[in-house]
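Undergrad: Okay, here's what each chain looks like letter by letter:
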Amino acid sequence: MFADYTWTELGSIFAMQGFAGLILFSVFVLMALGLAIIFGQMGVINMAHGEFMILGAYVTYLCSNLVEAYAPSLFGVYFFFAMALAFLAAGALGALVEWSLIRHLYKRPLDTLLATWGLSLILQQAYRSIFGAREVGVSLPNWLLGSVPLTDIIEIPINGIFVMVLTFVIAIGVYFILFRSRMGMQTRAVVQNRVMAGAVGINTEKVDRHTFALGCGIAGIAGSAFTMIGSTGPTAGQLYIVDTFLIVVFGGAASLIGTIASSFAISQAQSTMEFFLSGSMAKVLTLLTVVGILMLRPEGLFSLKIRR
Amino acid sequence: MLNVAHYHVAYGQSEVLHGLDFTVAPGEITAIMGRNGMGKTTLMKSLMGIVPTSDGAAAVDGIDITSMKSYDRVANGIAYVPQGRMIFPTMTVQENIETGLSISGRSKVPDDIYELFPVLLDMKGRRGGNLSGGQQQQLAIARALATNPKVLLLDEPTEGIQPSIIREMARVLRRIRDEKDLSIVVSEQVLSFALDVADRVLVLENGRLVHDEPRASVDEEKVAAFLSV
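Chains as they are written, first to last, in this note's numbering: chain A, -4 to 303; chain B, -4 to 224.
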């Protein structure tokens, strides 16, 4: 399959597909960071995670339209407001869902699967009723359009670079919240032993709600970033949820580094193979490899070695 | 300091504690003795709000805590070292102690806690799950002390700990009582440890208190008879 290309062409293909893979990687990381908090830390199987992401995407779409219509002078920077709003909207919906649904199910983790799947169907239909079944796209400000030519045939899109920088900043932020802040310490305590966390004076209900809302809010930011590289439809979240779970499980449920490493491996493998093989063949190979590795390392790529 | 009156606790329909009445004076160490299945752990858990109380009341320093959530009880001055220690295994020693600071809002572990348990200072960067049993026990006590309690509950602290450390623990508990002037309730099966540490010995048998005597006049043989199987 490589025979039709010259060496320079091959090099450029790998470079550009590699970069396309990096953009996919960024969206995966943003999605997976939220899920790593909700599923990896809290143990809630959130099937509606993709829909929280799409909520963020729709919020960005609304922002882009409103700003374009009423305040065109701000169009260059609307994306930052949109992202903050996407975080708040998805986080608020997350807090509401935690209060009304999830908190009754902490002792029945498998039931969260059904409950959140139902929630995801409800949200999809809500999006369809409100925004219509057609996919929508946002218009990007000029400074995000175009690409940087590296050589004659290798070009790197600017919005891709922006998404990657954004992902990097958010990943660092999540690390600090989880491992360097009081809230993160309380979250980890509650996750490890909910009863005992209450008995050392941590308000477990509040921590649960904030943690779930944070995970959903990050999904909202992922959705916001997603609008830059793809169009948004009511069911777009479904396309990513399986990959995202795969990433979190493959990376090792409680490890942020693992989540990032496995997003990288899976997105690069997908993107490079998709160019040479068909999309479904690329998926089959990725899944087979992941299944194989998980048989050898059932706890995922990165797991903590301690006595429990 | 701790007042327990007419205290009933049940799991569903099966009642385990049938009306306990006792008080713990400020600065007093009380040992609650009893064989397995007599209700010691149930009493501790219900005082901590983990198992609901079906009837009666418990109060700390005059404040009724009977229907409070666990974390509100902690805020009102009750702290808990559970059976099996239950430290947070993937968190470091220092983080484990810091979880106890949530109530007070302080961010730095008080020095006196590390003074009581110097081994924890040496190991503050290690994960709690990698400590030995005795070190984990010290960590669980340190974590409870970080909440600045008035009443400290310890559920079978000697379980699975080697004898030399058990003697050391009795000394530490008395020192904590003297320095911090708090009341301690310790449930125990090991009579020698209880006599070592306690000012007063209660015996719990089939969910009722059948014996209550100050340490000075305890008849060792009689208490031992309650503990033998």
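Simulated from the structure, these hints should not be mistaken for lab results.
Keep in mind that the hints are not guaranteed to be accurate.
[As the list claims (entries may be wrong)] If you want a taste of the chain A side facing chain B, the calculated C-beta under 10 Å gives, among others:
no.	residue
1	Ala66
2	Pro67
3	Leu80
4	Leu83
5	Arg177
6	Met180
7	Arg183
8	Thr199
9	Glu200
[What the hints assert, rightly or not] If you only want the chain A side, here are some residues facing chain B, beta carbon under 7 Å, derived:
no.	residue
10	Gln120
11	Ser124
12	Ala184
13	Val186
14	Gln187
15	Val195
16	Gly196
17	Ile197
18	Gly287
All residues carry an ideal CB built from backbone N, CA and C; glycine is no exception.
Undergrad: Take the hints in turn and mark each one as holding or not.
TA: We went through each hint and held it up to the structure:
Because the beta carbon of Ala66/A sits about 42 Å from the nearest beta carbon in chain B, more than 10 Å, this interface hint is broken. Taking 10 Å as the C-beta contact cut-off toward chain B, the hint placing Pro67/A at the interface is violated, the least distance being around 47 Å. A hinted interface residue such as Leu80/A counts as satisfied when its beta carbon comes closer than 10 Å to some beta carbon of chain B; here the least separation is about 31 Å, so the hint is violated. With its C-beta approaching chain B no nearer than about 26 Å, Leu83/A sits outside the 10 Å limit, and its interface hint is violated.
Because the closest C-beta pair between Arg177/A and chain B is about 7 Å apart, less than 10 Å, the hint holds. Checking Met180/A against chain B by beta carbon gives a least distance of about 5 Å; that is within 10 Å, so the hint holds. Proximity of Arg183/A to chain B holds as hinted, the smallest CB-CB distance being about 6 Å (cut-off 10 Å). Nearest Cβ of chain B to the Cβ of Thr199/A: about 7 Å, under the 10 Å cut. The hint holds.
A cut of 10 Å between beta carbons decides the hint on Glu200/A: the least distance to chain B is about 8 Å, and the hint holds. Proximity of Gln120/A to chain B is violated relative to the hint, the smallest CB-CB distance being about 37 Å (cut-off 7 Å). Annotation: interface hint on Ser124/A violated; nearest CB of chain B at approximately 40 Å, more than 7 Å. Look at Ala184/A: its Cβ gets to within about 5 Å of chain B, closer than 7 Å, so that hint holds up.
The closest approach between the C-beta of Val186/A and any C-beta of chain B is roughly 9 Å, which is over the 7 Å cut-off, so the hint fails. Of the supplied interface hints, the one on Gln187/A holds, with its beta-carbon coming within about 5 Å of a beta-carbon of chain B, less than 7 Å. For Val195/A, the suggested interface contact is upheld, since its CB lies about 5 Å from the closest CB of chain B, less than 7 Å. Look at Gly196/A: its Cβ gets to within about 3 Å of chain B, closer than 7 Å, so that hint holds up.
Taken as an interface hint, Ile197/A checks out: its beta carbon lies about 5 Å from the nearest beta carbon of chain B, inside 7 Å. Taking 7 Å as the C-beta contact cut-off toward chain B, the hint placing Gly287/A at the interface is violated, the least distance being around 27 Å.
Going down the numbered hints, you'll see the structure goes against 1, 2, 3, 4, 10, 11, 13 and 18, while the others check out.
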